Amino acid sequence: MVSNNREKFQIQYQAGKKAFERGEYRQSVQYLEAAKALTTNSSRLGGEAQIWLVTAYQAAGQEKEAIALAQELATHPHPQISQQAKRLLYIMQAPQLKRPKEWMSEIPDLADTADGKPKYVTAKSKTSSSSSSSNKTPEPVDLSQVNTQDNQFIWVALVLTLLTFIGLFWFK
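Per my numbering, the sequence shown runs over residues 1 to 172.
Worth flagging that the hints you see were computed from the coordinates, not collected in a lab.
Please note that a few of the clues may not be correct.
Stated by the list, open to error - Listed next, the in silico EDC-like pairs over lysine to aspartate or glutamate satisfying Cα-Cα at most 16 Å (straight line):
no. : residue 1 : residue 2
1   : K17       : E33
2   : K36       : E48
3   : K17       : E48
4   : K8        : E33
5   : K36       : E72
6   : K18       : E33
Computed from a predicted structure; not experimentally measured.
With the hints as constraints, model all of the structure from the sequences given.
Next comes the structure, spelled out in structure tokens:
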């Protein structure tokens, strides 16, 4: 019976990890919850499954469940599991930084499509102020403000280059 539970656990656990890696977070949560029920929570393997479950909860948008489970795992008897849970808890409880909307790209959720066919979304054009700026002619430059005096840099650079070449050929 024990080996039967271990096999079922491994099947659920691996399926949960694979679903997570494919981005199917809700499905991953279901598999990992089933795996959690098939093992003891205080075991190392049970702790690993629960760490995966914390990340699946977070990815699926179930923040409260993720934080609660991470807090529970912070006192896990296996030191690596408790340390990893504390790290995850620290990250999840960190303050969220506000990002300008221009930095973000919205990705439509295609899971709700009834027919299963992809629906294409056209990109939004930029605001009219940015497109009108590309049509403007450059402002004319006031030539009376431009410094037209020769600063002798070119001549100094040419003389130094010439002297360098002469020195190279001379000492050859």
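Just pull the numbers of the violated hints for me, sorted ascending. none
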